[in-house]
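Colleague: Here's the letter readout for the chains.
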Amino acid sequence: SAVISQKPSRDICQRGTSLTIQCQVDSQVTMMFWYRQQPGQSLTLIATANQGSEATYESGFVIDKFPISRPNLTFSTLTVSNMSPEDSSIYLCSVDPVRTNSEQFFGPGTRLTVL
Amino acid sequence: DAKTTQPNSMESNEEEPVHLPCNHSTISGTDYIHWYRQLPSQGPEYVIHGLTSNVNNRMASLAIAEDRKSSTLILHRATLRDAAVYYCILRDSGGSNYKLTFGKGTLLTVNP
Numbered sequence: 277s278a279v280i281s282q283k284p285s286r287d288i289c290q291r292g293t294s295l296t297i298q299c300q301v302d303s304q305v306t307m308m309f310w311y312r313q314q315p316g317q318s319l320t321l322i323a324t325a326n327q328g329s330e331a332t333y334e335s336g337f338v339i340d341k342f343p344i345s346r347p348n349l350t351f352s353t354l355t356v357s358n359m360s361p362e363d364s365s366i367y368l369c370s371v372d373p374v375r376t377n378s379e380q381f382f383g384p385g386t387r388l389t390v391l
Numbered sequence: 326d327a328k329t330t331q332p333n334s335m336e337s338n339e340e341e342p343v344h345l346p347c348n349h350s351t352i353s354g355t356d357y358i359h360w361y362r363q364l365p366s367q368g369p370e371y372v373i374h375g376l377t378s379n380v381n382n383r384m385a386s387l388a389i390a391e392d393r394k395s396s397t398l399i400l401h402r403a404t405l406r407d408a409a410v411y412y413c414i415l416r417d418s419g420g421s422n423y424k425l426t427f428g429k430g431t432l433l434t435v436n437p
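Those sequence lines, one after another, are chains W and L. The opening position of the first sequence corresponds to residue 277 in the working numbering, with each subsequent residue numbered one higher. The opening position of the second sequence corresponds to residue 326 in the working numbering, with each subsequent residue numbered one higher.
Hints are computed from structural coordinates only; laboratory data are not their basis. Hints are supplied without guarantee of correctness; some may be wrong.
To be verified - Computed footprint of chain L on chain W; a stretch qualifies when at least three of its residues, placed anywhere within it, have a C-beta under 8 Å from a C-beta of chain L:
1. 292–305
2. 337–345
3. 362–373
To be verified - Which residues of chain L face chain W? A few of them, derived with a C-beta cut under 7 Å, are:
4. PRO365
5. TYR371
6. GLY375
7. TYR423
8. LYS424
9. PHE427
10. LYS429
For each residue, glycine too, the CB sits at the ideal point set by N, CA and C.
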């Protein structure tokens with residue numbers, strides 16, 4: 277299993293600013309994922325972040341808007357850059373610790389409101 | 326990832342069984358059927374998964390049709406804490422892509 281914490285849990289930001297969200301795991305994992313959940317919607321994968329390589333972004337998401345760092349096997353950050361009200365969402369990280377067709381573990385999410 | 330179809334919402338009474346259906350008519354031979362749920366204001370949590378045979382764990386049972394084109398998540402005795410959005414997801418075991426693709430899921434309401 278894996279226990280995931282995220283910081284901050286929530287934030288209210290001004291348009292045009294950037295916010296960095298941290299994801300900390302209590303064990304070493306190779307695969308980490310970042311998701312976005314817009315209000316009333318399901319989860320959408322932003323990118324896959326593997327340690328030692330560049331993040332792989334899904335269609336519709338770009339590195340300039342959502343830069344990701346993965347400095348080690350227990351930590352990752354997602355930055356939401358040049359924010360607009362449309363970026364108001366819950367951002368979640370998840371990990372796949374076993375790299376088999378088993379379960380993923382999700383963090384509690386970061387609730388972002390952009391004014 | 327292959328697509329799944331679930332009802333938008335379902336209702337149940339407390340302490341009664343709940344059967345949550347999922348259709349996945351385009352499932353491939355290497356797709357596992359995964360179920361996650363998301364309680365209010367929380368991240369998703371794993372419920373159960375299976376390939377061909379029915380599966381049981383402490384949370385639920387998963388019944389898989391013989392042709393694998395549909396499955397049913399069974400909560401044997403619903404409690405108020407089971408009120409959540411339930412997601413049925415197909416996950417390919419054949420490659421190195423471990424990502425989950427979430428659909429809209431089924432919002433389960435449990436009445437006291």
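Colleague: Sort out which numbered hints this structure fails and list those numbers smallest first.
Modeller: 1, 2, 4, 6
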